[in-house]
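Q: Residue-level listing of the chains:
Protein chains: 2
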Amino acid sequence: MELLKRRILQDGRCFPGGILKVDSFINHQMDPILMKSIAVEFVRRFAGQDFNKVMTIEASGIAPAIMVGYLLELPVVFAKKKQPKTMENMLSTTVHSFTKDREYSVCISHDFLNPGDRILFIDDFLANGNAAQGCMDLIVQAGAELVGMGFIIEKSFQPGGKRLREKGVKVESLAIIESLDNCKIQIRD
Amino acid sequence: MELLKRRILQDGRCFPGGILKVDSFINHQMDPILMKSIAVEFVRRFAGQDFNKVMTIEASGIAPAIMVGYLLELPVVFAKKKQPKTMENMLSTTVHSFTKDREYSVCISHDFLNPGDRILFIDDFLANGNAAQGCMDLIVQAGAELVGMGFIIEKSFQPGGKRLREKGVKVESLAIIESLDNCKIQIRD
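Chains as they are written, first to last, in full-length UniProt numbering: chain U, 1 to 189; chain X, 1 to 189.
In case anyone wonders, no lab produced these hints; they're calculated from the structure. Careful: at least some of the hints might be erroneous.
[To be verified] Pairs of lysine to any residue residues, derived as SDA-like cross-links and limited to a Cα-Cα distance of at most 25 Å, are as follows:
(1) U:K184 / U:F157
(2) X:K100 / U:K21
(3) X:K21 / U:P115
(4) X:K82 / U:P115
(5) U:K100 / X:S105
(6) X:K21 / U:N114
(7) U:K21 / X:K81
(8) U:K85 / X:E2
(9) X:K85 / U:T94
(10) X:K82 / U:T94
(11) X:K85 / U:R102
(12) U:K81 / U:V95
(13) X:K82 / U:K184
(14) X:K82 / U:Q49
(15) X:K100 / U:E58
(16) U:K36 / X:S37
(17) U:K100 / X:K85
(18) U:K85 / X:S37
[Claimed, not checked] Derived coverage of chain U by chain X (criterion: at least 3 residues anywhere in the stretch with Cβ under 8 Å from a Cβ of chain X; other residues may be distant):
(19) 12-21
(20) 29-42
(21) 55-62
(22) 74-80
(23) 105-118
Here a beta-carbon is modelled for each residue, glycine too, at the ideal position from N, C-alpha and C.
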């Protein structure tokens with residue numbers, strides 16, 4: 001997605017340790033017009049798939065997911081990283097965050113993830129893929145079916161994308177970062 | 001907003017202790033078409049105001065805020081409830097959650113909240129108003145200006161709305177819940 005790649009090269013910032021910050025337009029401050037274009041591209045990439053619900057995980061997956069749901073007129077559900085004490089019929093799993101070096105639990109109400117649901121999962125980043133695998137686990141627990149996973153940015157030098165594709169998941173990433181070595185952003189053509 | 005009121009009466013569920021659950025269409029599973037209509041109504045309510053940025057707080061404020069930003073072609077920034085270790089120029093404040101009975105910190109990067117910014121704040125719920133007041137504090141710290149605050153649902157039997165209006169804030173709530181006594185949802189006409 002050329003528009004996104006150009007924006008990452010223009011406004012993304014690279015820090016030692018393979019950190020790419022896109023907090024001026026994706027995951028802290030957000031550009032809603034870009035977010036709509038991102039959603040259109042997800043619609044295009046998953047045009048051949050049959051799904052009835054969009055799923056994401058709080059917080060920065062919500063903006064692209066709601067835009068995809070808006071374009072396709074489908075409900076959107078987001079997994080939560082804290083267990084609200086009022087959640088009914090909770091499904092939960094544990095995710096290890098490399099970035100934060102800790103475990104956290106991710107949960108969703110079974111009320112909104114059902115057998116028969118065909119899920120398109122959307123998130124902002126795919127790096128080690130642990131949050132994505134946690135959400136896959138919730139989908140399995142619910143008896144729902146995962147149709148595909150779309151990410152705004154994938155870091156191909158981290159193992160998440162390879163792991164998901166080896167499991168047979170249809171993964172679509174709109175910008176694939178091949179390297180951040182020497183704090184230079186290298187995006188796949 | 002009639003559409004919203006009807007939906008709350010139809011799909012909202014009331015629990016002892018003044019709890020209103022709208023998790024099937026607002027803050028866990030979300031209806032993106034309703035969310036767009038909600039955003040249109042916010043645009044209408046704040047049509048006379050001059051603002052250049054939309055602010056919200058994660059997680060359930062993000063969906064209505066990004067829709068408002070999309071309609072008006074304005075950037076959207078969300079305050080975070082956890083401090084990412086990579087956040088630069090961080091402003092933070094402490095918020096007491098009555099629902100969860102604990103203190104938490106809310107933060108935002110000064111990079112995206114500047115002197116001269118005129119902010120429309122959007123969130124899903126206004127009850128005690130502590131998260132909203134925390135965000136007001138961040139806006140003051142940044143030297144920005146708060147133009148108005150829009151909430152999808154206000155519980156008028158809790159003190160948040162009164163407190164904000166007493167401070168001179170222009171508050172617009174799209175559905176005002178006057179009582180949840182005896183687990184019956186009473187919405188202001």
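Q: Which hints from the list above does the structure break, by number from lowest to highest?
A: 2, 4, 8, 13, 14 and 18
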